[in-house]
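Given only the sequences and the hints, what does the whole structure look like? Please build it.
First residue of the sequence shown: 1, per UniProt numbering; consecutive thereafter.
A hint or two may mislead.
[As the list claims (entries may be wrong)] Keeping only pairs whose Cα atoms sit at most 30 Å apart, straight-line, the calculated DSBU-like set for lysine-lysine is:
hint: 1; residue 1: K17; residue 2: K59
hint: 2; residue 1: K55; residue 2: K17
hint: 3; residue 1: K25; residue 2: K60
hint: 4; residue 1: K25; residue 2: K55
hint: 5; residue 1: K59; residue 2: K25
Simulated from the structure, these hints should not be mistaken for lab results.
Please read these numbers as outputs of a predicted model, since none were measured by experiment.
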Amino acid sequence: MSLCSDCIDRLDEIVLKDDLTSNVKQIQDEVLEEIHTLNANTEYLRCFLHGSSDKELFKKNVPMANMKM
Numbered sequence: 001m002s003l004c005s006d007c008i009d010r011l012d013e014i015v016l017k018d019d020l021t022s023n024v025k026q027i028q029d030e031v032l033e034e035i036h037t038l039n040a041n042t043e044y045l046r047c048f049l050h051g052s053s054d055k056e057l058f059k060k061n062v063p064m065a066n067m068k069m
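Here it is in structure tokens:
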């Protein structure tokens, strides 16, 4: 690998890290939407979401576990 190629690879890594750290909420929302879409028809989520992948419906209907420390 040439020095120039190494610099470009490093710059790509920096840009990616910058994007990931500046758009955290957007990225989390996109990942959550993808997870819901992929799993909307599982038995567990069908009980709560009826095949939907809506984030607000998920937050409203799916019980969250509470840990007592």
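Hints and how they fare:
no. : hint       : verdict
1   : K17 to K59 : holds, 29 Å
2   : K55 to K17 : holds, 26 Å
3   : K25 to K60 : holds, 19 Å
4   : K25 to K55 : holds, 13 Å
5   : K59 to K25 : holds, 16 Å
Against the hints set out earlier in the document, no violation occurs for any number.
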